[in-house]
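Trainee: Remember, the numbering used here sits 9 above the position in the sequence shown when you count from 1.
Since the hints were derived computationally from the structure, they do not count as laboratory data.
Check each hint, because a few of them may be wrong.
[Unchecked claim] When the alpha-carbon atoms are kept at most 27 Å apart in a straight line, the in silico DSS-like pairs for lysine-lysine are as follows: (1) 91 to 50; (2) 53 to 82; (3) 91 to 104; (4) 50 to 82; (5) 52 to 82; (6) 53 to 91.
These figures come from a predicted structure and were not determined experimentally.
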Amino acid sequence: MGEDEKKTNGIPMDERETVIHFGRLDNEMTIYTTDETMMTKLKKLVNGGEYEVVEEHRLQNGRLIGRTYRADKSLLTLRSHKKDGQKREMTEEEKRAMVER
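Work out the full structure, taking the sequences as your base and the hints as a guide.
Mentor: Structure, rendered in structure tokens:
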């Protein structure tokens, strides 16, 4: 088994996943993940109080392999990829609004 195929939580690296689910009319989203890095990031958000763990997924031997979280759908943001060195250009009105915040 190569370094990339380690099973630290019982799941091969190439089979770990994160699924975000919500319906158009829903106010909440659920996030299911078996990726340890994502679980670490989500743990910080849970500690911040806006996300909650709703279920833990374990093997028969008790080893944690995943979690399902719930949060308000409005917390989800999607971003476009910025090109190298590209800066956001703001209008004078946007700059004034930023200063007022």
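Trainee: Please go over all the hints and tell whether each is borne out by the structure.
Mentor: To see whether the hints hold, each was checked on the structure:
1. 91 to 50: holds, 22 Å
2. 53 to 82: Answer holds: residue 53 to residue 82 is near 17 Å, not above 27 Å.
3. 91 to 104: holds, 20 Å
4. 50 to 82: With a Cα-Cα distance of about 17 Å, the restraint between residue 50 and residue 82 holds, given a limit of 27 Å.
5. 52 to 82: holds, 17 Å
6. 53 to 91: holds, 26 Å
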